[in-house]
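Q: Construct the entire structure; sequences and hints are all you get.
Spelled out, the chains give:
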Amino acid sequence: AQTVTQSQPEMSVQEAETVTLSCTYDTSESDYYLFWYKQPPSRQMILVIRQEAYKQQNATENRFSVNFQKAAKSFSLKISDSQLGDAAMYFCAYRSARWRDDKIIFGKGTRLHILP
Amino acid sequence: GAVVSQHPSWVICKSGTSVKIECRSLDFQATTMFWYRQFPKQSLMLMATSNEGSKATYEQGVEKDKFLINHASLTLSTLTVTSAHPEDSSFYICSARRLPEVRAQPQHFGDGTRLSIL
Numbered sequence: 001a002q003t004v005t006q007s008q009p010e011m012s013v014q015e016a017e018t019v020t021l022s023c024t025y026d027t028s029e030s031d032y033y034l035f036w037y038k039q040p041p042s043r044q045m046i047l048v049i050r051q052e053a054y055k056q057q058n059a060t061e062n063r064f065s066v067n068f069q070k071a072a073k074s075f076s077l078k079i080s081d082s083q084l085g086d087a088a089m090y091f092c093a094y095r096s097a098r099w100r101d102d103k104i105i106f107g108k109g110t111r112l113h114i115l116p
Numbered sequence: 001g002a003v004v005s006q007h008p009s010w011v012i013c014k015s016g017t018s019v020k021i022e023c024r025s026l027d028f029q030a031t032t033m034f035w036y037r038q039f040p041k042q043s044l045m046l047m048a049t050s051n052e053g054s055k056a057t058y059e060q061g062v063e064k065d066k067f068l069i070n071h072a073s074l075t076l077s078t079l080t081v082t083s084a085h086p087e088d089s090s091f092y093i094c095s096a097r098r099l100p101e102v103r104a105q106p107q108h109f110g111d112g113t114r115l116s117i118l
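One line per chain: the protein sequences are A and B, in this order.
Its first residue numbered 1, the first sequence is counted upward by one per residue in my numbering.
Its first residue numbered 1, the second sequence is counted upward by one per residue in my numbering.
Do not rely on the hints blindly, as some may be mistaken.
[Unchecked claim] Derived BS3-like pairs: lysine-lysine, alpha-carbon spacing no greater than 25 Å straight-line:
| hint | chain 1 | residue 1 | chain 2 | residue 2 |
| --- | --- | --- | --- | --- |
| 1 | A | 103 | B | 64 |
| 2 | A | 103 | B | 66 |
| 3 | A | 103 | A | 70 |
| 4 | B | 41 | A | 78 |
| 5 | A | 70 | A | 108 |
| 6 | B | 66 | B | 14 |
| 7 | B | 20 | B | 41 |
| 8 | A | 103 | A | 55 |
| 9 | A | 103 | B | 20 |
| 10 | B | 20 | B | 66 |
| 11 | B | 55 | B | 14 |
| 12 | B | 66 | B | 41 |
| 13 | A | 78 | A | 108 |
| 14 | B | 41 | A | 108 |
| 15 | B | 66 | B | 55 |
| 16 | B | 55 | A | 103 |
| 17 | A | 73 | A | 55 |
| 18 | A | 103 | B | 41 |
No lab work stands behind these hints, which were simulated from the structure alone.
A: Set out below in structure tokens:
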């Protein structure tokens, strides 16, 4: 079974600074997707960034980028120029690429605080 | 596009009553929807996969008679918590996979339903 581990329950970063959230996962599959979701206090799930396992290039979305290390099964999220609106719970997630087996497995989350 | 609506957003009811939560895809069709449960300060745990026109697939440990799922159309799945008790109080979130089903397509999440059982 696949697992997703986020070892940092909480993190804090100064506004405008850069922060990296860690995530490791375990799977025997070679084709899969990885995601970072943001859950603000409203509890809405917002997709931040996604990575396809067969793509070597790290995904980037504006201030958000990932460091995907497939061999190490590591998928960290870097937030540059942190803003107050980035404060939220961040979940790392895994999804199989097998057809119709696309349930999402979430990590336990990292609560990110932005210090003004 | 790709909006998923959940209703109600918050419900409070007495112990022993049944509560129905709706998950609608507003601008797309979805053969598959997913129901998650999230306890305070915890992660989302998948409860079941709802398939249009067929029985839902429940995760291990989830009581299918307790959490009834119906996916009667390509835009609507419902979760009914039967004979709810205080321990069923939680945040329930649905997500939907839109048609046509293509590789790497993300699921779209509803805004969730906060269920409080007194």
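Q: Compare the structure with each hint and give your call.
A: Do the hints match the structure? See the list:
no.	hint	result
1	103/A x 64/B	18 Å, holds
2	103/A x 66/B	21 Å, holds
3	103/A x 70/A	20 Å, holds
4	41/B x 78/A	22 Å, holds
5	70/A x 108/A	21 Å, holds
6	66/B x 14/B	16 Å, holds
7	20/B x 41/B	24 Å, holds
8	103/A x 55/A	21 Å, holds
9	103/A x 20/B	23 Å, holds
10	20/B x 66/B	12 Å, holds
11	55/B x 14/B	28 Å, violated
12	66/B x 41/B	24 Å, holds
13	78/A x 108/A	18 Å, holds
14	41/B x 108/A	9 Å, holds
15	66/B x 55/B	15 Å, holds
16	55/B x 103/A	16 Å, holds
17	73/A x 55/A	14 Å, holds
18	103/A x 41/B	21 Å, holds
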